[in-house]
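Chains as they are written, first to last, in the numbering used here: chain Z, 1 to 319; chain F, 1 to 222; chain X, 1 to 543.
Quick caveat, the hints were computed from the structure, so don't treat them as lab data.
Don't be surprised by glycine CBs; every beta carbon is placed ideally from N, CA and C.
A few of these clues could be false.
Said to hold, decoys possible - A short, non-exhaustive set of chain X residues, derived as facing chain F with CB atoms under 8 angstroms:
no.	residue
1	R117
2	H193
3	G199
4	G201
5	V220
6	L221
7	M228
8	V241
9	I306
10	L309
11	F449
12	H526
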Amino acid sequence: MNAEFHLLPADASLNAIQLDRLALCLLLLTGLVALVLLALLTGFAARYRAGSDAARNARSRNTAVEIAWTVTPLLLFLGLYAWGAIDYIALYRPDPAAMQVFVVAKQWMWEAEHRNGRREIGELHLPQGRPVRLVLASQDVIHSFFVPAFRVKQDAVPGRYTSLSFTPSQAGVYHLFCAEYCGTDHAQMMGRVVVLPPADFARWLAEGPTQPGLAARGFALYRQYGCSGCHDAGSVTRAPDLTGLLGRRVHLQDGRELIADEAYVRDSILLPRKDVVAGYAPVMPSFAGQISEEDLLAIIEYIRESGHEQPTNASPVRP
Amino acid sequence: MNTNDATQTPAVQFTSRAQQEEAAAFGMWVFIASELLFFGPLLAGYLYLRLHFPQGWTAASRHTDFLLGTVNTAVLLTSSLLMALAGHAAEAGQRRRAASLLAAAAALGLAFLAIKGYEYHAEFAERLFPGAGFFPSLAGKPQNVPGMELFFILYFALTGLHALHLSVGVIVSLGMAAGLRRPAPAGPNGTAVEVLGLYWHFVDAVWIFLYPLLYLVGRAGG
Amino acid sequence: MNSPQMRPQCDLDLQPVQGDASYLSEGYTLRSWLTTHDHKRIAVLYAVSITLFFFLGGVAAAVIRLQLATPNGTLVTPDSYNKLFTAHGIIMVWLFLIPSIPSVLGNFLVPMMIGARDLAFPRLNLASWYLYITGGIIVLWALLAGGVDTGWTFYTPFSTMFSNSHVVLALAGVLVTGFSSILTGLNFIVTVHTMRAPGMGWFRLPLFVWANYATSLILVLATPVLAMTLVLVAIERLFQVGIFDPALGGDPLLFQHLFWFYSHPAVYIMVLPAMGVASEIIPCFSRRPVFGYRFMAYAILAIAVIGFLVWGHHMFVSGQSVYAGTVFSLLSFMVAVPSAIKVFNWTATLYRGWITFPAPMLYALGFVGLFTIGGLTGLFLATLALDVHLSDTYFVVAHFHYIMVGGSVMAYLGGIHFWWPKVTGRLYSEAWGRVAALVIFAGFNLTFFPQYLLGYAGMPRRYHSYPPEFQLLHLLSSAGAVTLAVGYLMPLGYLAWSLRYGRVAPPNPWQATGLEWQTTSPPPTHNFSQPPVVVRGPYAYSP
Chain Z
1 MNAEFHLLPA
11 DASLNAIQLD
21 RLALCLLLLT
31 GLVALVLLAL
41 LTGFAARYRA
51 GSDAARNARS
61 RNTAVEIAWT
71 VTPLLLFLGL
81 YAWGAIDYIA
91 LYRPDPAAMQ
101 VFVVAKQWMW
111 EAEHRNGRRE
121 IGELHLPQGR
131 PVRLVLASQD
141 VIHSFFVPAF
151 RVKQDAVPGR
161 YTSLSFTPSQ
171 AGVYHLFCAE
181 YCGTDHAQMM
191 GRVVVLPPAD
201 FARWLAEGPT
211 QPGLAARGFA
221 LYRQYGCSGC
231 HDAGSVTRAP
241 DLTGLLGRRV
251 HLQDGRELIA
261 DEAYVRDSIL
271 LPRKDVVAGY
281 APVMPSFAGQ
291 ISEEDLLAII
301 EYIRESGHEQ
311 PTNASPVRP
Chain F
1 MNTNDATQTP
11 AVQFTSRAQQ
21 EEAAAFGMWV
31 FIASELLFFG
41 PLLAGYLYLR
51 LHFPQGWTAA
61 SRHTDFLLGT
71 VNTAVLLTSS
81 LLMALAGHAA
91 EAGQRRRAAS
101 LLAAAAALGL
111 AFLAIKGYEY
121 HAEFAERLFP
131 GAGFFPSLAG
141 KPQNVPGMEL
151 FFILYFALTG
161 LHALHLSVGV
171 IVSLGMAAGL
181 RRPAPAGPNG
191 TAVEVLGLYW
201 HFVDAVWIFL
211 YPLLYLVGRA
221 GG
Chain X
1 MNSPQMRPQC
11 DLDLQPVQGD
21 ASYLSEGYTL
31 RSWLTTHDHK
41 RIAVLYAVSI
51 TLFFFLGGVA
61 AAVIRLQLAT
71 PNGTLVTPDS
81 YNKLFTAHGI
91 IMVWLFLIPS
101 IPSVLGNFLV
111 PMMIGARDLA
121 FPRLNLASWY
131 LYITGGIIVL
141 WALLAGGVDT
151 GWTFYTPFST
161 MFSNSHVVLA
171 LAGVLVTGFS
181 SILTGLNFIV
191 TVHTMRAPGM
201 GWFRLPLFVW
211 ANYATSLILV
221 LATPVLAMTL
231 VLVAIERLFQ
241 VGIFDPALGG
251 DPLLFQHLFW
261 FYSHPAVYIM
271 VLPAMGVASE
281 IIPCFSRRPV
291 FGYRFMAYAI
301 LAIAVIGFLV
311 WGHHMFVSGQ
321 SVYAGTVFSL
331 LSFMVAVPSA
341 IKVFNWTATL
351 YRGWITFPAP
361 MLYALGFVGL
371 FTIGGLTGLF
381 LATLALDVHL
391 SDTYFVVAHF
401 HYIMVGGSVM
411 AYLGGIHFWW
421 PKVTGRLYSE
431 AWGRVAALVI
441 FAGFNLTFFP
451 QYLLGYAGMP
461 RRYHSYPPEF
471 QLLHLLSSAG
481 AVTLAVGYLM
491 PLGYLAWSLR
501 YGRVAPPNPW
511 QATGLEWQTT
521 SPPPTHNFSQ
531 PPVVVRGPYA
541 YSP
């Protein structure tokens, strides 16, 4: 990480360059407006100061000028709006090829878990040149995942999953900040994002303490908490089959329908009475307060994998 | 709203009685506008949550006391009638009649509050107050419970806010009824009673919205 | 022509007969001040109280900037730092900025500018002040009891379930102060509608009255939403019910929507009156009518209305839907248009004028420049893709301080100086006035301009310590803060001095056209010796 100050943070993601271009354009435009106004203010103040011999005949009522300087800013603003909105929407467009990493924010640290199970605290290793999708969760209060070098930020909100997509473009080490005030050590909730060239990243991912992959860990938890007792085929209690659940259409007790996503699975574990599947008794106990956010993500990952022959990267989820 | 002389001299900041009375009435309307924005967020929350928890909403509404709620509606509507008559009497100079009508309207207001208090007492006893002890008896399906608790948060917030406003109205009515015993210059005048009437009708109008939203949801056609 | 002419709004000679007392000599006891119904005395009560709170909030800011002068400052602990920026925000927003221009200058001048003898409800006006003081005392109590550490924005679930500080007490203080705002707004609306002098049609009103009127609409309609939101937060904190807390089934974003629905219009409460002040000062010292009076009046109303529709721009990265983000961004660009119109019109007012530069004019011109910069940086934040990077950084802090401090506070000081002779009957020292204005302008820019750069570089908000590469900019900002503090102390000195030793002011030292200038300085208790009749519009200046 650079200890030197740079006016612009590193351009370390694909969208960073576009964003800086937009910012520069806006800076030039607003700078120009500011300079013109400053020039007019000081110019008029000097030329028409008391005692000067400038001409001071009456000004005419100039509705045309008024309209001109109403419509011109309006059109410029519409253009700026469109540019910003287009870039923003692109930022949130889901990319099926994105590599997923699960990030849990808690007072006052960041934890990340890669799909193969490699976990890290306070650091996030990512491959250069590959689209990344972070699934953000919070254990307690609202935090915000902010990497200035990537020009991206997304709040991690308790009770739901939010996601953040970007493509790191330059190898290096970058600041990770928490950008939503979260209590005493909000300012200490910093981390490092380490972007490695693809080969180095693959090596790093395979190294480290050998652990089962995220989905395998999820499977162990699935059994540990007794989910298999009801949800596996052949159990005495009738419970919905969870194989390949993610992305599937689900019919609920009260007539509603939805597509099962990560949030739905999470809610079903913590608030089982909320969205009961049609045709089943609402007898599932709640695991609220018993399973941590990281374990929830692991179980969800297991359920996601359960529908596939081979683990894949694709996952239809709500952004 | 004391004036030096009920018929001639306006308060010192006004140029005429007409201006003063216009200001008083207009002031009450502006106040009512701000009051709408007090109830507004709660009603907006009601709308949003009802769309999200339709079953919970109907189940919860069945726990309200339909009889007492309806009686209370009649009580409040009658009090508004009396309040309107009080305004007319005061404008016509019939101060004693106006005072009696105000006192009667206030009495009905107190009756409303007493009935509401009884309802609250019963609801606490039935463990319908939101929080850790929330346990509705007629939930039907257990998955309705979260929606029911949210219904009751709004129920207590809306009726509590309404009761607070009604209490203020009752106190002012009683004060004004007492004030009317003094002759015209010292006590309140017709405009004061009319302006109080505006406030009272507003409180009544809020109830007219709350009654169906809170008591009738699960009761029309099952 | 060489000497500037002007035609006041009413033609009658309203000089009172010799020996008529002024509102200041009506009673000298504390009791006469604390039980007054006179809008002018109430304005002075507000002026004294908000000045006290301004310096209290300023002390908090000073400690913050001292802590931030070094990357790992040890001046205060993290918890104390968090309590300091919370105190700074709560005090400056609710106990200083929101009441400042409306309750001080508005209270004093709105009745006079429309030719009335007082506001519609003088006793309600006094009640407003007592509510404000009560709310202020409760907030002080919360601070003295140990402080609040949630930020002035009280985001949930931190404020409802995690903070171990005096949240409910602080909420109560703000709630009570809110009622003060609502009643003041109500008073202004009724006054402007029903008590204008004969001949004072809506389009003859000074723009300062339009500005306070629009502000009052916002006060009356937005503040109740804040009140309900704070009550819900208190209920959740006290009874653990689950409105905002996701662990109990609630929604943290619901809080943000409710909070910002009030707090965005609140920033227009803070800036519209400042625009009104600028619109009085600039024509007077240009000796020209304001350019485009009708456009200016409509722009004020447009800002107030559209300002209610943009609250979601505080939530672009909150987890709000992308669709909602695009709608709020578009509306946020729309609200910038009337503000731009006003800046162009103030500039055009100078054209072909006869311009002098006493302290009020320096403040007003400074207001226009700094408000422009603040407003232009608002465009960066309204731009969705840019806001993803800039949100929750020092860029935002710089933006709102340019508007609130570079804008509103400068305008407030300009107004204080402009109407000082009218309010006190004394003239302040023009030399000191100009020096202070320049020191404040310089100190302000040194404090806050580096923060734009810090923000783009990635420095987040509400941090008590930071990576060392940000130190230079922080140091510049802290140096600016020292300068700014000196600048703010100067008026305290020379204005107080003028009360005793300043030259006695004539009724109309600036040769201004408003009705308030057609009576003595200071005015008699009932403002005018005879009711004025308005015969022309405002700003009938010619150079």
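Now for the hints, and whether the structure bears them out:
Taking 8 angstroms as the C-beta contact cut-off toward chain F, the hint placing R117 (chain X) at the interface holds, the least distance being around 5 angstroms. Here the hint on H193 (chain X) is kept, as its CB sits about 6 angstroms from the closest CB of chain F, short of 8 angstroms. Residue-level restraint check for G199 (chain X) is violated (minimum Cβ-Cβ distance to chain F is 13 angstroms; threshold 8 angstroms). For G201 (chain X), the shortest C-beta to C-beta distance to chain F is roughly 16 angstroms, which exceeds 8 angstroms, and the interface hint is violated.
Residue-level restraint check for V220 (chain X) holds (minimum Cβ-Cβ distance to chain F is 4 angstroms; threshold 8 angstroms). Checking L221 (chain X) against chain F: minimum C-beta separation of about 5 angstroms stays under 8 angstroms; hint holds. With a least beta-carbon distance of about 5 angstroms to chain F, the hint placing M228 (chain X) at the interface is held under the 8 angstroms criterion. Given the 8 angstroms rule on beta carbons, the hint for V241 (chain X) holds: about 5 angstroms separates it from the nearest Cβ of chain F.
The beta carbon of I306 (chain X) is not positioned within 8 angstroms of any beta carbon in chain F (closest approach about 18 angstroms), and the interface hint is therefore violated. For L309 (chain X), the shortest C-beta to C-beta distance to chain F is roughly 15 angstroms, which exceeds 8 angstroms, and the interface hint is violated. Checking F449 (chain X) against chain F by beta carbon gives a least distance of about 38 angstroms; that is not within 8 angstroms, so the hint is violated. The restraint placing H526 (chain X) at the interface with chain F holds, with a minimum CB-CB distance near 7 angstroms, inside the 8 angstroms limit.
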